[in-house]
Amino acid sequence: MLVMVMKLSLILITLAMLGFIYRLVKGPTVPDRIVALDAIGINLVAMIAILSMLFKTYAFLDVILLLGILSFIGTTAFSKFLEKGEIIENDRNH
Amino acid sequence: MSLLHLAIFSPFLMAILVPFFYKGLRSIHTGWFVLILPILLFTYFIGFLPVTRNNGTVEKSFDWIPSLGIRFTAYVDGLGLLFALLITGIGSLVVLYSIFYLSKEKERLHNFYVYLLLFMGAMLGVVLSDNLITLYMFWELTSISSFLLIAYWYDRERSRYGALKSMLLTVFGGLSMLGGILLLSIMGDTFSIRELISQASELNGHPLFLFALILILLGAFTKSAQFPFYIWLPDAMEAPTPVSAYLHSATMVKAGIYLVARLSPIFAFSSYWFWIVGAVGIFTMFWGSFNAVKQTDLKGILAFSTVSQLGLIMSLLGAGAAALHFDALNDNIYIAAVIAAVFHLINHATFKGSLFMVVGIVDHETGTRDIRKLGGLLSFMPITFSIAVIGAFSMAGLPPFNGFLSKEMFFTGMIQLVDLNIFNLQTWGMLFPILAWIGSIFTFIYSMMFVFKTFSGKYQPEKLDKKPHEAPVGMLISPIILAVLVVLFGLFPNLLSYSLIQPAAAAIVPSLVEPGELLSVHIVHWHGVTTELLMTIGVIAVGILMYLTLSKWIKLYTLFPGKVTLNTLYDTSLYAAERGSYTFTKAYMNGFIRTYLVYIFVFFIGILGFTMWTEGALKIDKSNLAPIGVYEIVLVIIILAGIFTILFAKSRLTSIIALGAVGYTVSLFFVIFRAPDLALTQLVIETVSVALFLLCFYHLPKLNRHEERMGFKLGNLIISLGVGTVIALMAISSHSNKMFESIASYYVANTYKEAAGKNMVNVILVDFRGFDTLFEISVLAIAGLGIFGLIKLRLAKKGGEADEN
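Quick mapping for you: the protein sequence lines, in order, are chains A and B.
Counting from 1, one number per residue, gives the positions in the first sequence under the numbering used here.
Counting from 1, one number per residue, gives the positions in the second sequence under the numbering used here.
By construction, these hints were calculated from the structure, which means they are not laboratory data.
Treat the numbers as computed from the prediction; the structure is a model and nothing was measured.
Note that CB positions come from ideal geometry on N, CA and C, so glycine has one too.
Treat the hints with care, since some could be wrong.
Stated by the list, open to error - Computed beta-carbon distance windows for the label pairs:
#	chain 1	residue 1	chain 2	residue 2	range
1	B	THR585	A	ALA59	53 to 63 Å
2	A	GLY68	B	THR585	22 to 32 Å
3	A	ILE73	B	GLU578	57 to 67 Å
4	A	ILE42	B	ILE607	40 to 50 Å
5	A	MET1	B	ILE685	34 to 44 Å
As the list claims (entries may be wrong) - Within a straight-line C-alpha distance of at most 30 Å, the following computed DSBU-like cross-link-like pairs (lysine-lysine) qualify:
#	chain 1	residue 1	chain 2	residue 2
6	B	LYS738	B	LYS622
7	A	LYS26	B	LYS713
8	B	LYS458	B	LYS586
9	B	LYS373	B	LYS552
10	A	LYS84	B	LYS458
11	B	LYS106	B	LYS552
12	B	LYS463	B	LYS104
13	B	LYS650	A	LYS84
14	B	LYS294	B	LYS555
15	A	LYS80	B	LYS702
16	B	LYS453	B	LYS466
17	B	LYS753	A	LYS56
18	A	LYS80	B	LYS463
19	A	LYS84	B	LYS792
20	B	LYS622	A	LYS7
21	A	LYS80	B	LYS792
22	A	LYS56	B	LYS758
All chains, please: the whole structure from these sequences, using the hints.
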C-alpha cells in the first residue's frame with residue numbers, strides 16, 4: 001500500500017517536473033526559467049526523498065541536503081546575475 | 001683496430017687538430033700541417049702494392065655493432081688500393097696547391113681543411129670498406145663534407161644554391177643506395193661484399209634482385225653525375241678550385257664508378273646491369289661533351305667534361321659486364337673494356353686534376369674564368385700553358401699522352417660490343433660506337449677551346465681586372481707533377497699495367513681470374529691500322545675542322561630552347577614540390593578547429609564503423625538486460641528535452657540553463673542507479689560549471705552576442721548522427737560481449753575486512769586504487785594553477801610590452 005502511494009506520488013512529481021521543464025524550455029523570460037529551475041531543484045529533493053524510501057536506504061539524505069543548498073545558491077546567483085550583471089563583484093582587481 | 005683502420009680514421013683525427021693549429025700557429029699556413037698526413041698515407045698505401053700485385057688482399061676487421069652483423073671490415077684489394085692511392089696522392093697535391101691558392105689572411109682555413117680532411121677520410125672509408133653499412137656511412141659522409149666544401153664561400157648565393165642542389169641529389173641517391181644495400185643484405189643475409197659476391201649466382205634469380213640493382217645504380221649514378229643526375233656537378237663549380245680539382249674530378253665523382261666496379265661481380269650477369277650501366281654511360285659521355293662546347297666558363301667546360309669522361313668510364317664498365325658471359329680468359333676480348341675503364345680512371349684523375357689547377361691559376365692571376373674575356377695569355381704564363389696543353393690534349397685523346405691510349409681502348413671496347421650477340425645487341429649495338437665517336441669529336445673541340453681560347457688569340461687587357469703574370473712556383477708544383485704523370489703514363493703505360501691496373505681489373509671480374517692467374521694487361525701504342533685508330537684519326541680530322549668553323553655553327557646551340565633543360569626541370573620540380581606541399585597543407589590545415597573536428601570525427605566514424613562492419617563485431621544480446629522502470633523512461637524524456645533545448649535554443653542563456661537541467665537529471669539517474677557519492681559530486685560540479693558558463697557568457701563581447709539559433713549544416717548533422725550511432729552500437733556490442741565476470745565481488749567482500757571502511761566507493765578511491773586519485777588531485781591542482789596563471793600573468797598587455805610582474 002505504502003509502496004503504491006510512493007510510486008503514485010513519484011509519478012505525480014515527475015509530471016510536475018515535466019511541467020516545469022516545459023516552462024524552462026518555453027520561457028519566455030529568463031526569470032521564468034530560473035524559477036522553473038529552482039522548482040525543479042525542490043522537486044528533485046522530494047523525488048530523491050521518496051526514492052530513498054523506496055530503496056529503503058539512508059544513503060541519499062546527503063544528496064537531499066546538498067540539493068537544497070545548491071538550489072538556493074544557484075537561484076541566488078542567477079538572480080544576482082540578472083540584477084547586477086555579475087555574480088561576484090571584484091573591484092579589487094581592476 | 002689495426003694500422004689500416006687507423007689510416008682510414010687518421011684524417012678524422014687530424015680534422016680535430018686542425019683548428020688548434022689554425023688558432024695556435026697563425027704565422028704558418030695551416031695547410032702545411034695538413035699536407036703531412038696525405039703524404040704519409042700515400043706512402044703507407046704504396047706499401048700494399050706488392051701484396052695486391054699478385055691479386056692478394058689484406059683484410060682487417062673489428063666489431064662495430066656485432067649484434068646486427070655490422071663489422072668495420074677494412075679490405076684492400078687492387079681496386080680499393082687504386083682508389084686509395086688516387087685519394088691520398090691527388091689529396092696531397094691538392095693540399096699543396098691549396099696552400100698557395102688560399103690566402104692565409106683572408107680565408108677561413110680551419111674550416112677548409114677540416115672539411116677537406118673529413119672528405120678524405122670518408123672517401124678512404126668508402127673505397128676500403130667491405131661492409132656495406134660502413135660503406136654507406138662513409139658515402140653519406142662524403143656527401144656531407146662535399147656539401148660543406150661547395151658552400152665554403154657561404155656568403156655567395158650561387159655557392160649555397162650549388163651546395164643545396166648537390167646535397168639533395170646525392171643524398172637522394174645515397175638513400176636509394178641504402179635501400180639497395182638493405183635488399184641485398186636481405187637476399188644474401190650478410191653485409192659483407194665479398195660474401196655477397198660468393199653467392200652472386202643465387203642472388204641473380206631472387207625476386208628482389210632487380211630492385212636492388214636499380215636502387216644501387218641510382219646511388220652510383222647520382223654520385224658520379226650520370227645522365228640525368230649530372231646537373232649538380234656544374235653548379236658545384238662554385239667551390240674553391242682545389243675542391244673542384246679534388247672532389248669533382250678525381251675522387252668523389254668516382255665513388256659511383258667505384259661502387260659500380262665493386263658490385264659488378266654481383267650484378268653484372270644481369271642484362272639489366274649491362275644495358276643500364278652501358279647505355280646511361282655512353283649517353284652521358286655524349287651529352288656531357290656536347291654540352292661542354294657551349295660553356296663560356298672554364299670550370300663549366302671542365303665540369304661537363306668530367307660528366308662526359310665519367311660516362312665514358314661507366315660505359316666501359318657496362319661493356320665489361322659482357323666479359324662475364326664468355327668464360328675463357330685467354331681470348332676474352334671484352335675484358336679489355338674493364339682494363340680500359342681502370343686505365344682511363346687513372347688517366348682522367350691525372351689530367352683533370354691538372355686542368356682544374358690550371359683554371360685555378362688562370363682565375364687567380366687574371367681574376368676571371370670567362371673564355372670570352374681571356375686570350376693571349378701564352379706569353380704571360382708559359383708554364384701554365386704547357387700544363388694546359390698536356391692536360392687538354394690528353395683529354396682530347398691525342399698521342400703521346402695517356403688519354404690517347406685509354407681513348408683507343410675505349411673505342412676498342414665499344415666496337416667489340418657490336419659483335420656481341422647477346423642482349424639484343426645486334427640491333428642496338430651500333431649506337432655505342434657511334435655515340436662514342438660523336439662524343440669524342442665534341443671532347444676534342446672543347447679541349448681545343450679550353451687551351452686556345454685561353455692562351456692564344458688576342459690579349460684583351462681592358463677586360464681583365466689584373467695584369468696577368470705567371471703563377472708562383474708553389475702553385476705550379478702540383479699541376480706540373482700531374483702533367484708529368486700524364487706524359488709518363490702516356491709514354492710508358494706499362495708502368496701501371498701490372499702494378500695497378502691488373503689487380504684492379506681482376507677485382508672487377510673476379511670470377512674470370514683463377515687463383516694464381518693474372519689478367520694479361522699490355523697496353524701498346526701501336527697495334528696496327530685498326531678500326532679504332534681510324535676512328536681516332538677521324539675524330540681529330542673532324543674535330544679540327546669543326547673547331548676552326550666553330551663560330552659558324554656555335555649558333556646551333558641557341559636553336560635548342562634554353563628553357564628546356566634538366567636544370568629547369570630540377571628548379572621547377574623543386575618549386576612545384578614546395579608550392580604543392582604548401583598548397584596541400586594550406587588546403588587541409590585551414591586553421592578552423594571545426595574543420596579539424598570534422599576530420600577527427602569522420603575518421604572516428606570511418607575507422608570504428610569499418611572495423612565493426614568488417615570484423616562482424618556488432619552483436620546484440622538481450623539476455624543480460626535489466627528491466628526498465630517508469631522513472632528511467634521519464635528521466636530519459638527529460639534529458640532528451642534538455643538536449644534538444646540546448647541544440648535549438650535561441651539564446652545562449654537558455655542553453656546554459658538547459659545544460660544545467662541535463663546535469664541535474666544525470667544526478668537523478670545516479671540516485672536511481674544507487675550511486676549517492678556520484679550524485680553528490682555531480683550536483684556540486686554541475687552547479688559550479690553552470691556558474692562558470694554564466695561567467696563566460698557575461699564576458700562575451702557585445703559584438704558577438706547574437707541571439708541566434710545555431711546554424712544548420714547537413715554535414716554536421718550527418719557526422720553527429722554517425723558518431724552517436726557508432727558509439728551506441730559499440731556500447732550495445734560491448735555490453736553483449738561480456739567475456740568474464742566482473743571483479744567487483746572482491747571489493748564487496750574485502751572493503752571492510754582489508755581496508756576498514758564501509759563506503760566501497762570511497763575505499764576504492766583512496767585505498768584500493770589510490771594512485772588514480774593522487775593524479776586526479778594533481779590534475780585539479782594544475783588546472784587551478786593554470787587558471788590563476790592565465791588570469792594574473794598578462795605579459796603582453798599594454799602596447800605589447802612584456803610585464804612579468
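Now the hints, each set against the structure:
Our hint of 53 to 63 Å for B:THR585 and A:ALA59 holds, since their Cβ atoms are close to 56 Å apart. As the Cβ distance of A:GLY68 to B:THR585 is approximately 56 Å, the hint placing it in 22 to 32 Å is violated. Distance hint check for A:ILE73 and B:GLU578: the Cβ-Cβ separation is about 60 Å, which falls inside the suggested range of 57 to 67 Å. Between A:ILE42 and B:ILE607 the CB atoms are about 47 Å apart, so this pair conforms to the stated range of 40 to 50 Å.
The hinted range of 34 to 44 Å is satisfied by A:MET1 and B:ILE685, whose Cβ atoms lie roughly 39 Å apart. Our distance criterion of 30 Å between C-alpha atoms is met by B:LYS738 and B:LYS622, whose separation comes to about 12 Å. For the given pair, A:LYS26 sits about 24 Å from B:LYS713 by alpha-carbon distance, which is consistent with the 30 Å threshold. Restraint check: the Cα-Cα separation between B:LYS458 and B:LYS586 comes to about 58 Å, which exceeds 30 Å; the hinted pair is violated.
At roughly 20 Å between alpha-carbon atoms, B:LYS373 and B:LYS552 fall within 30 Å of each other, so this suggested pair holds. Between A:LYS84 and B:LYS458, the direct Cα distance comes to roughly 98 Å. Violation of the 30 Å bound is thereby established for this hinted pair. Taken as a hint, the B:LYS106 and B:LYS552 pair is broken in the structure, with Cα atoms around 44 Å apart against an allowance of 30 Å. A distance of roughly 28 Å separates the Cα atoms of B:LYS463 and B:LYS104; the hinted pair therefore holds under the 30 Å criterion.
Annotation: proposed proximity of B:LYS650 to A:LYS84 holds, straight-line Cα distance about 23 Å (limit 30 Å). Annotation: proposed proximity of B:LYS294 to B:LYS555 holds, straight-line Cα distance about 9 Å (limit 30 Å). For the proposed pair A:LYS80 and B:LYS702, the alpha carbon gap of about 20 Å is at most 30 Å, so the pair holds. A C-alpha spacing of about 18 Å is found between B:LYS453 and B:LYS466, which places the hinted pair at or below 30 Å, so the restraint holds.
Of the pairs offered as hints, the one joining B:LYS753 and A:LYS56 holds, with about 25 Å between alpha carbons and a cut-off of 30 Å not exceeded. Between the alpha carbons of A:LYS80 and B:LYS463 the distance comes to roughly 90 Å, so the proposed pair goes past 30 Å and is violated. For the suggested pair A:LYS84 and B:LYS792, the alpha carbons sit about 24 Å apart, so the restraint of at most 30 Å is met. Taken as a hint, the B:LYS622 and A:LYS7 pair is honoured in the structure, with Cα atoms around 27 Å apart against an allowance of 30 Å.
A threshold of 30 Å between alpha carbons decides the hint, and for A:LYS80 with B:LYS792 the separation of about 25 Å falls inside it, so the pair holds. This hinted pair checks out: A:LYS56 and B:LYS758 have alpha carbons roughly 17 Å apart, not beyond 30 Å.
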